[in-house]
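Residue numbers (our numbering), protein chains in the order written: chain Z, 118 to 420; chain E, 617 to 1133.
None of these hints come from the bench; they were simulated from the model. Errors might be hidden in some of the hints.
Here are the computed distance ranges between Cβ atoms for each label pair [as the list claims (entries may be wrong)]:
no. : chain 1 : residue 1 : chain 2 : residue 2 : range
1   : Z       : L132      : E       : A1072     : 56 to 66 Å
2   : Z       : E150      : E       : A734      : 23 to 33 Å
3   : Z       : L132      : E       : R726      : 57 to 67 Å
4   : Z       : G166      : E       : A1074     : 41 to 51 Å
Counterexamples of contact, computed for chain Z against chain E with all Cβ distances above 10 Å [claimed, not checked]:
no. : residue
5   : C227
6   : G243
7   : L249
8   : V263
9   : A316
10  : D327
11  : A352
12  : T353
13  : I401
14  : L407
15  : R412
Note that the Cβ used here is the ideal one computed from N, Cα and C, for glycine as well.
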Amino acid sequence: MLLKRAALLALLLALVFCAVELLPGDAANATSERGESAADIDRRRALLGLDRPVLERFWDWMSGLPTGDLGTSARGEPVTDLLSTAFPNTLLLGGIALLLTATLSLTLGCWAALRPGGRTDRAVSGTATAVLALPEFVVAVALVLVLSLWTGWLPAVTLTDVDGTPDSWTMLVLPALALTIPQTGWNVRIVRAALADEARAPHVETAVLDGLPPHRVLTHHVLPGALPTIAAGLATSTGMLLGGAVVVETIFNYPGIGSVLASAVTDRDSPVIAGVTALAGAVITVVLLLADLVRDLMAGGRR
Amino acid sequence: MDLTRRQLLCTGGALTATALLGGCGDGSDDDTAGSPGAGTKPRRGGTLRVGALGRAGAITRDPHGTQANESDYLILSLVYDTLTVPGTKPNTVPRLAAAWQPSDDLKTWRFTLAKGAAFHDGTPVTAADVVFSLRRLRATPSGASRLPGIQAKNITADGDGTVVLVSDYPNAELPQLTRLTTFVIPEGTTDKDIAKAPGTGPFTLDWFRGGNARLVRNDTWYGGDVHLDAIEVKIFESPQAMANALLSGQIDLASNVGAVAARTAANRGDIRTVRRPNDMAMPLVMRTADGPFADPRVREALRLAVDREAMVKQVLSGYGSVANDILGTGDPAYAKDIPQRTRDLARAKRLLKEAGFDTSRTYELLTTEDISGLAESATLFASQVREAGVRIKVVKQESAVFWDKTWLKGDLYTTYWGTNDSVVFFASKTMVSDSGQNEAGWQDEEFDTAYEKAMATADATARARQLRELQQIQHERSGYLLWGMADGIDLAAPAVQGLPKLPGYGRVQLERAWLAR
Chain Z
118 MLLKRAALLA LLLALVFCAV ELLPGDAANA TSERGESAAD IDRRRALLGL DRPVLERFWD
178 WMSGLPTGDL GTSARGEPVT DLLSTAFPNT LLLGGIALLL TATLSLTLGC WAALRPGGRT
238 DRAVSGTATA VLALPEFVVA VALVLVLSLW TGWLPAVTLT DVDGTPDSWT MLVLPALALT
298 IPQTGWNVRI VRAALADEAR APHVETAVLD GLPPHRVLTH HVLPGALPTI AAGLATSTGM
358 LLGGAVVVET IFNYPGIGSV LASAVTDRDS PVIAGVTALA GAVITVVLLL ADLVRDLMAG
418 GRR
Chain E
617 MDLTRRQLLC TGGALTATAL LGGCGDGSDD DTAGSPGAGT KPRRGGTLRV GALGRAGAIT
677 RDPHGTQANE SDYLILSLVY DTLTVPGTKP NTVPRLAAAW QPSDDLKTWR FTLAKGAAFH
737 DGTPVTAADV VFSLRRLRAT PSGASRLPGI QAKNITADGD GTVVLVSDYP NAELPQLTRL
797 TTFVIPEGTT DKDIAKAPGT GPFTLDWFRG GNARLVRNDT WYGGDVHLDA IEVKIFESPQ
857 AMANALLSGQ IDLASNVGAV AARTAANRGD IRTVRRPNDM AMPLVMRTAD GPFADPRVRE
917 ALRLAVDREA MVKQVLSGYG SVANDILGTG DPAYAKDIPQ RTRDLARAKR LLKEAGFDTS
977 RTYELLTTED ISGLAESATL FASQVREAGV RIKVVKQESA VFWDKTWLKG DLYTTYWGTN
1037 DSVVFFASKT MVSDSGQNEA GWQDEEFDTA YEKAMATADA TARARQLREL QQIQHERSGY
1097 LLWGMADGID LAAPAVQGLP KLPGYGRVQL ERAWLAR
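Work the whole structure out from these sequences, hints included.
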C-alpha cells in the first residue's frame, strides 16, 4: 500500500516536471530583467541547467530527495529555505481547518441524523449543499468585509513576525474559516449520507428494536460503521484544503505555500513547483494512509 | 454606481488641485491640506509600517540582482545608497556622490563622495567600495543596460574620495544613469555574504524574513535628519490584500497600490490618496521598420483616432493625465510647448486613405495582463479606432510569451515603462537606431543626430533646445502612441507625513517620512 502510494507520488512529480516544460517560456526567460540580451539569457539558461533534457533534470532533482535536498530555485535560493517557514504555516492553517471541519461536520451531521427527515435535517442538508457550492474566495472576501472591515473585530490580513509565523493567533481565524466553511458543507453531506446508510444496517435496526435511546444507537451502533466513510471524506478534504489554501492565502496575505507556488509557476521554476508538490503529496499520502488505517481497524473490530 | 463615480471624480479633482498647489512650494514637505500635522515641523520617532508588493518566490537580497519585488527594492534602497537619486528639478540630485564634474568632451565624469559617508559598521566609504560595487553591477546579466556606455575597466578610483567613470561616447546625462541601482556595498563582498553586507543608507537592517523586514534609523547617516525610529516592511502579493491591511489599520502606508485600491478607499475619509504623477507610461507600439504601420501617415492617423481623455478616464479611473506621444513626461526638459494632439477622425481617415491603408483587414493588437489597465487600454483603443475605420482585434498573451515573442518584434502591441521619467532615458533605451530595446524598430537619422548633439552639449540651455528638437521628431513620427500617463498611487493613514511625490523609483525615498502622532 505504502509502496504503491510512493510510486504514485513519483509519477506525479515526473508529470509536474513535464507540465512545467510544456508551459511557454522557461525559467531563464521568466526571471530575466528587461534589457537582458539573448546571450545573457542563454548564459543563465546554461547556469540553471535548462539546456539539459527534462528527464535528466528530473532525475537529478529526484536523487537529491532522499538527502532532503530539494534543489535550487531559478533565482538561486535553496528550495528548502523557501519552503521552511511557508510549509509549516500552511500545515498549521490546513490543520486547524481540518480539525474545525471534522468537528463541525460530525456535530452537524449527527445532529441532523438524530432527526431524520425532520426540519433540522432538511435545513442542515440544504445549507450544506449551498455552502459547498461556494468557492473559497467568495467566502474569504465576505468574511473580510463583515468580520474585519465593517466590524473591525478581526485583522483583515496576516502579518508576519521575525520568525516568519503570523504575528498573532487572531490572524489565523479568518483564513481558517474561509477554508473550513466550504469543506464543512461537503463533509456534512458525507457524514449525513454515511450515517443514513449505516442506519439501515440490520444490527442498527436490532438496536433500535431493543429500545436503546437514539443517542446510544448513534454513538455505539451507527457511528462506528460510518467512520471509515467519514474518514475517507475528511482525507479527501485534505487535498482540497491544500488546494484552497493557495487562493485563501493570497486574499489574506497568509505567509504559506500558496504564494510560493503561484510565483514559482509564473517563473517556470520546476524545482520549487516539484518541491511544493512533493511536500503536499506527502501530507496527502499520510492522511490517506490514516484513513485506510481507520477502515482496517473498523473492519477488524467488526470481524 | 453613478454617484460613486461622480464622488470619485470629485475627490480626484480635489486631490489633483492640492497636489498641484503643493508642487508649487519648495517641494520639501507638501502634504494634502487638512491632514493633521500638515505644514508643521516633522516630529521625531515612531515606527512606519509599509506594505509593498512582492512575490514570496521572487525574493532577492542582492542589491545588484533582478529586483522583481517592490518590497525588496524598497528595503534595499533604505539600507543601501545609490550615487545619485531622482529629484524634482533638476531630476538628478546628490546622494552618496555629493558632486560631479564632467570633462570638456563629456566623456569623463568625476564623482566626489559625500563627506562623512560610512557603512553601518562604522567603516568610511571609499572610492574603492564604489568601484567594486559599480563593476559588480556591470557584471550582472543586465549590467550593460544598467550602465550603458560605461565599461567595467573604465570605472576607476582616484584617491579615496573620487570615482571616475569614462563613457564610450559623450554623455551629458550620465549622472542620471547612477540614480537607479548603483547600490554601494563594501569592497570584496562575496556573493555568499551579500545578504549580510552593511549599507550606507538612512536605515540599518534589523531583521529580514521572507520578504518582511524591520529597519532601524541610522543615527550617523551623512544625508541629514531621519525622523522615524524604524520602518517595518510587509510584503503583499495582492494590492487588494494590501489595501485591506491599510483599511483595517494593520499598516500605515500601502506603497504603489494602484487605482483599483484607490477607488476602494475613495469614500473613506480617514485614508489619504497620494498621487505621484507621470509614474507609468503604457504606450502602444507601432512597428515602423516594416509591416502595416511602417507608413508614418498610418501612425499619425492612429494617434489622431485615439480619444485620450476617455482612455485616462476609463483605463486609469481618472488617476492619470493625457499625454502627447512623447515619452519622458516627468522630465523638467519635457517639451510642454509642443501642441497637444487631439482627436480628429476626419483627418485620420484622410491620412489612412492617402497612405493606401487596407481597412478591409483586421489587425491584431497584442497585449498582456502584466499590470492592471494594460489589456483594458488595448480593448478601449480598439473600439475607438473603429470609428476611424480601422478594425483591430485584441489578443491577450501570457506574460512570458509576450516578452519572448511579441516585445521588440510585433507590429502593434502595448508596452509599459515605470522605471524612469526622463526624455533621454527613453531616447537612449528605445528610440535611437542602435538602442538595445528599440521597441518599434525605429531608425531615424535626424533623431539620432539630435540625440547625439544633445548628449554632447554641455550647456544646459543649448541642450534643452536640442532635447526639444528630439521631442518634436518623436511627436511627429516615432513608433509610439502615448495616450496618457498613469499616476503612481499610494494610500496612507492620516498620520503619515513627508511622503515621496516623485514618479517611478522616487516612491522608495522614505527617509524623510515622519509620523504626526
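Practice task
Any hints from earlier that this structure breaks? Give me their numbers in increasing order, please.
Solution key: Every hint satisfied by this model.
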